[in-house]
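**Student:** For reference, the chains in residue letters:
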Amino acid sequence: MSTIDTESPSAKQPLWTRMTHAHHFRSHDEEFDACKIGMWLFLTTEVLLFSGFFVAYAIFRAMYPEAFRGGSHHLDWRWGSLNTAILLISSFTIAYSIRCAQTNNQFWLKFNLLFTAFCGLAFAGIKFALEYGPKWAQGKRPGILYDYPNPVNESEPLWWSVYYMATGTHLAHVLIGTAVIFIIWYRATKGMYGPKHYTGVEITGLYWHLVDLIWIFLFPLLYLIH
Amino acid sequence: MSDTSSNPDPHEFDAVDHSHDHHEGSYLEPAGGVWATIKQWALTKDHKKLGVMYMFAVLILFFLGGVAALGVRAELWEPVRYKTTTTVNDQGETVTTQEVTGQIFNVGRPKEEPVTDADGNPVLDDNGEPLTETVRVYNLQTGNETYNRMFTLHGAIMVFMVIIPSVPAALGNFFLPIMIGAKDVAFPRLNLLSWWIYVFGSIFAVASIFLGGVDTGWTFYTPYSTTTDADHWRVVYMITGAFILGFSSILTGLNFVVTVHKLRAPGMGWFDMPLFIWARYATAIIQVLATPVIGVTLLLLIMERLLHIGIFDPNLGGDPVLFQHFFWFYSHPVVYVMILPGFGILNELLAVHAHKRIFGYRAVAFASLGIAAVSFIVWGHHLFTSEGSLAATVFSALTFLVAIPTGVKMFNWIATLYKSSIVLNTPMFYALAVLFLFAIGGLTGLPLATLATDMHLHDSYFVVAHFHYVMMGGTIMAFVGGLFHWWPKMFGKMYNDRWAMVGAVLVFIGFNVTFFTQFFLGTRGMPRRYASYVDEFQIWHQISTIGSYILLVGFLIEGAVLLHAMIAGKKAPPNPWGGMSLEWETESPPIEHNFPHEPIVKHGPYDYDEVVPPHWDPKDYPLPEGAPSHHEPGHH
Amino acid sequence: MIHLLASVGPVQELFFRDNGQATYSRDSDLIFLGLFWFSFVTFVVMMALMIYWTIKNRGWKKGVRVQRSASHNNVMELTWTIIPTLLVVVMFVVGFRAYARQVVSPDQAINLDVAASKWSWEITYPNGSGATETTAQNDVGANAAPIFVIPEDTPIKLTMSSADVIHSFWVPDFRMKQDVFPNRFTTYWFQSEKLKDMDRDNPDLDYPNKEHWLFCAEYCGDNHSEMAGIIRIVPREVYAGWIREPFGKDQTLLEIGKTLYTSKGCVQCHTTDGSSGTGPSWKDLFGSQSQYSNAPAWTLDANAVREAVYEPAAKIRQGFPNQMATYQGRINDKELRALIAYMKSISTYTTDFDPAQTWGDLDPSAEGAADGAQDSGAEDTGG
Amino acid sequence: MSNTAEKTFDPTDPHGFHAKDTHGHVILSPMTLIGVLVALIIFTVLTVFASRFEVWLSEAFQWEIPQSVNVAIAMSIAVIKGLLVLMFFMQLRYDTPLNSIIFGTCLLAFGCFIGFTALDLFTRDSIDRARSGEIKAGGLAAAHTRYEQVFNEKTGQWERRKVDISVLGLPVAERAKIRERGPDEQRVSAHHDEPAPLPTADRTVRLTGLHLFAIHDEHGGDGHAEDGHAEVQGDDHANENQDGHADDLAHDPGG
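So the protein sequences, as listed, match chains A, B, C and D.
Here the first sequence stands for residues -7 to 218, where the numbers follow our numbering.
Here the second sequence stands for residues -14 to 621, where the numbers follow our numbering.
Here the third sequence stands for residues 167 to 549, where the numbers follow our numbering.
Here the fourth sequence stands for residues 12 to 266, where the numbers follow our numbering.
The hints are simulated quantities; they were obtained by calculation from the structure and are not laboratory data.
Only a predicted model underlies this, so the values are computations on that prediction, with no experimental measurement involved.
Glycine is no exception: its CB is placed at the ideal position from the N, C-alpha and C atoms.
Heads up, a few of these hints could be off.
Listed next, the in silico DSS-like pairs over lysine-lysine satisfying Cα-Cα at most 30 Å (straight line) [stated by the list, open to error]:
| id | chain 1 | residue 1 | chain 2 | residue 2 |
| --- | --- | --- | --- | --- |
| 1 | B | Lys556 | C | Lys227 |
| 2 | B | Lys478 | C | Lys227 |
| 3 | C | Lys449 | B | Lys604 |
| 4 | B | Lys604 | C | Lys228 |
| 5 | B | Lys404 | C | Lys222 |
| 6 | C | Lys481 | B | Lys96 |
| 7 | C | Lys227 | B | Lys604 |
| 8 | B | Lys30 | B | Lys604 |
| 9 | B | Lys404 | B | Lys604 |
| 10 | B | Lys68 | C | Lys227 |
| 11 | B | Lys24 | B | Lys404 |
| 12 | B | Lys555 | C | Lys227 |
| 13 | B | Lys478 | B | Lys30 |
| 14 | B | Lys30 | A | Lys188 |
| 15 | B | Lys404 | C | Lys228 |
| 16 | C | Lys227 | B | Lys404 |
| 17 | C | Lys228 | B | Lys478 |
Reference excerpt, derived from the structure (chain B facing chain C, CB under 7 Å, subset only) [claimed, not checked]:
| id | residue |
| --- | --- |
| 18 | Asn129 |
| 19 | Ala348 |
| 20 | Thr370 |
| 21 | Thr378 |
| 22 | Phe385 |
| 23 | Gly392 |
| 24 | Ser406 |
| 25 | Thr435 |
| 26 | Arg509 |
| 27 | Ala516 |
| 28 | Tyr593 |
| 29 | Pro609 |
Build the full structure now, drawing on both the sequences and the hints.
**Tutor:** Below is the structure:
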């Protein structure tokens, strides 16, 4: 959206001081506000995307309580809790990175962004290596692929369908978010973000918080409720 | 109106300022060579170019979907029957043969057949496995399947690729920023992305046709859609196409909400916006809130087909009615994505060509929002025969709520014509036609919302006729009316109004002949999506088919008129109809950044009895007695 | 008011065919006609105003003459908001009351089972039999359709389920439809009408009856439009006789097999003229060497037919999809033997076929004993 | 349609957004951020602890706490955590109200979605049931199973047996496999062993004025059992009507 002023005498100033707003906005603030409203609208679409999984969960949990109760026994609450903690901390670091951008604390801005991105990778790693992998190998798979010899309830494949679809979509969001944070970090290393221009960090932060928010609800629903 | 002492001239800040040094060219001006121009269009962030590209894409796909519809109608000219003929062969034996009549399209179906030798024994290949060959089978069933693919194609194209982007994306993109006095939409790059997503999604969906077509119906009801053509990918392609198209819709809606919130011109409060913007705003809200749900629905459906995850599959404990809830949570609000912008255009057509402020502006504006809000809680009326009786009752009661704001709009539009001054040109004819057709479409919704009668009419031709009156009579007619209304603005060329009127009348007549008969078919017991029917219905179907071909002629004339105007039309003035909203203040076609400098809004969009329209001479536009005289524009 | 509406015969006849249902469908028609006249009046008034003002305020000849007028009128707008609100409340209540009658069946009704599958309807009667007669080809659809016999002036309750996808049971003359699902039972009830004198005295009929179409109203695939049937309303004594002896003991198996071929829905997928449908054609099928995609080749004998009918997925014919639904509980042994007789009759691979074998010959027990049991049963319940 | 242009007009801020406040540029103090993080972690520990405590109670003392309590605790904590994230990390508390309205609207839409879908799926045929009581609520316990009355020759009893009506190709075979392996004995719950009630609970033909037409063979005609998964072959006596008219009639001949 923004363009970089390369011609003015201030070209030696840090990049963020030279960012100008797009021509169709009247001011930088207006652009910032617009981007934020746009991001919030985008977050609503994300929530509603996940709403499908929550509805499926609620409906099938009520229909097949035994299958869901049995299914959630297969999940290890320790890994779930660890992942929750990782996401909460990463949420904190990215919120802190916004503060760093606002206060022009460039080192900690970059550090926090990088830390957040690695938290994202850690989350994905735990999910793949310690949750999906072993479960898939045991035959605890969604729907027709289900091949576990000792199901508690014959509707258990449905539980795994809901589990894999919900967490899988969430994981896809984590990975996309991680990629975006890496891009933002790269830009931060170029000095693009500072007190007058931190729209990118702000809206990426919103996105990451939403990923966290959804996990905050998925975690108890899948791991804790028996 | 404005305070006279501070600003005596409402056109003081008139956007077209020829004395201004900075002169920009029209947005249509090509950039150097052919490749440069192609690149300029393909990578443009200009909402006008994107709007024009959407428009042509929509028109091309409308043609494709229309051809499918004509195929459907042709197939229904006569019912599918067996014809038995008895002949005597050389040996003197009587041979009875049966052939299928009444199927004019039958693309057949490939099938693996074992190869047999003369004695009927299977031929084995080198490995000792029986040899098979692919033959193409043609029979009654494959003919019906061809028909099913045709109506699916028609429905899917018309809904996902034509009506949803028609007014919202094509005309919305072009006119929403201009009408609020903005240089562009809030996120132009997102807008470009949205367009290419639309192209990509459409390619996916259209590709499924070339791979053999899809016969799920555009509603993709499970478990049929998860089991049909089980070993082919084309159904997945179609669903993926619809899934991708959803993102285009979301991004456009999101962009427009922000644009309306942040980029209105100075002086334009919420109630100074043209009603088209209100309608488009309400539409954008629905797009943002409803479309993600079709995203997750289609995602689950794709997974259902690929992995059999079972959420909608009764064999694995899933529930097909759950799919219907998922699907209609999006697809009912999307009905209003289709019709609300049509309403918006209708406001503009009526106000401009009747030179009259829309009666009850606020009521109409709030009715748009009201319809958008109610649209989220009425989807269950698509499930009256499948859902539980309590839910049906609740949804029936809620469905009637839609009738109220819609009725308010209808009455306000009719009241707008009171004390108006009407120029009955093509856009105005379309506006009146929409009032006529939508009135029928809306009123026939009443027996469909009423539980007792819907149990009979559900999934019958009555429903088909009803939603064509609304979708086509409402949206498509308003879209075409909008094209005629804004064509001079978009391309700076006037069209031949006489021929356009001939086409419009043919479309109106053809439409009614095609679809009014279908009400009777429905009440008399014709189910929808039938390739064949009982003989009693044949006369009705034949009238309907004739009507559809009148419709074709009408649309061909309209298309020719518009193309002719683009190529060889007279140059259009900036404000040919005497409109008040901001798009009439700029050049025709608009310059690259819409306005030379930011316009400042000094009067409402419909103050026809108070202000001489921009670019008009006061003597061509006598204001009524008592109009404030200072509003006559003096200097230019 | 009701009587006024009821008297508008021509309009009713324009919209609706004859009514075949004795209780709720008249309400449904009346509500429809009430809505129709309401809509008609509203529409005419609106269009009259529209056309009148368009002509009165025409500016296309004499030039634009803008008039001053009110921008809004709260009283008027409130009026046309509140009145429609009240009207739709009335519509909802009326519709709901009639709907409750449509969906709630009376306690005393004959219970019949309906099984829907691609693309045929089957009704199973209390005696275990299904339709024993079919229409001619080209009568309702191109294929012959089963005829379901229903006693006149009787409440009937159908418990419906589907074997594959969603279907919808619609008898237009009853003004009622209900979707049929693969994963739950839905019900549909109606009270058949008393036969009118004109039907009773019709000399073209073997016995008095009145026929109504049955359609599938939920899109279910290729031959959706062939998924039809006939509900035939007959006098009670005819029904009683039919249900006691659905097939005559003297009817040949071949004849019965032909009927079952249609009434059990085989016709929808299997042709008898050698052309290929969803499933293999029955022409020259019995006794032939069959290739399977998931099993070794096999000579198609009676056991193979039996397996194909009851466990269709066990052996899938080469070149055909695995699409057939099981007929467990829908075709019994005797019926299967009749079907096999029909298959034999059109196959050149077998000569082991006695065209004269009758339904009565199949009964393994002594004829007299079976008759006695049936008769006593009839007396018990009929007395 | 009043004109607003005469108000003190700032061309850079046409809608007066920025005159009022400086939202969107709030700098949160480190203590706030850390405080929120600590609160979130504490709530996470709390919800996990509550869950484990409940499991421990049920395993050690067989105290089964109702599931609704469990759900209520977990979801209340999740909501509090969500609000913390929304208000502080996402700064809704300091932001323009518009963003809160946007998010609230989306939650409202979500509420409609889940509410009305549940309304249907959990109250199916309730109007019908209210009067006749014949259709099973939801009907979904019978999702892929159906029961029929079968006469067991060995015991001389009528038995209810599951019939597979799921026939759409692959899933059937897959499910049959699961069934053959049998459930894990340790995990079988009592609930699971209980057969679901007959989908159509009352199929008795009430022989009142209509009994003329309800003529039944004692054994329900000449049917046979075609249950592919059944171990009992009650060929001569099994009722081929899937829902057991004959059963009712056998015990109550002649009504």
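**Student:** Does each hint hold? Answer for all of them.
**Tutor:** Structure-based check of all given hints:
no. : hint                  : result
1   : Lys556(B) x Lys227(C) : 23 Å, holds
2   : Lys478(B) x Lys227(C) : 23 Å, holds
3   : Lys449(C) x Lys604(B) : 87 Å, violated
4   : Lys604(B) x Lys228(C) : 14 Å, holds
5   : Lys404(B) x Lys222(C) : 9 Å, holds
6   : Lys481(C) x Lys96(B)  : 18 Å, holds
7   : Lys227(C) x Lys604(B) : 16 Å, holds
8   : Lys30(B) x Lys604(B)  : 41 Å, violated
9   : Lys404(B) x Lys604(B) : 20 Å, holds
10  : Lys68(B) x Lys227(C)  : 60 Å, violated
11  : Lys24(B) x Lys404(B)  : 50 Å, violated
12  : Lys555(B) x Lys227(C) : 22 Å, holds
13  : Lys478(B) x Lys30(B)  : 24 Å, holds
14  : Lys30(B) x Lys188(A)  : 26 Å, holds
15  : Lys404(B) x Lys228(C) : 15 Å, holds
16  : Lys227(C) x Lys404(B) : 16 Å, holds
17  : Lys228(C) x Lys478(B) : 25 Å, holds
18  : Asn129                : 5 Å, holds
19  : Ala348                : 5 Å, holds
20  : Thr370                : 5 Å, holds
21  : Thr378                : 6 Å, holds
22  : Phe385                : 4 Å, holds
23  : Gly392                : 5 Å, holds
24  : Ser406                : 4 Å, holds
25  : Thr435                : 3 Å, holds
26  : Arg509                : 5 Å, holds
27  : Ala516                : 4 Å, holds
28  : Tyr593                : 5 Å, holds
29  : Pro609                : 4 Å, holds
Figure legend: structure checked against the earlier numbered hints; hints not met, in rising order: 3, 8, 10 and 11.
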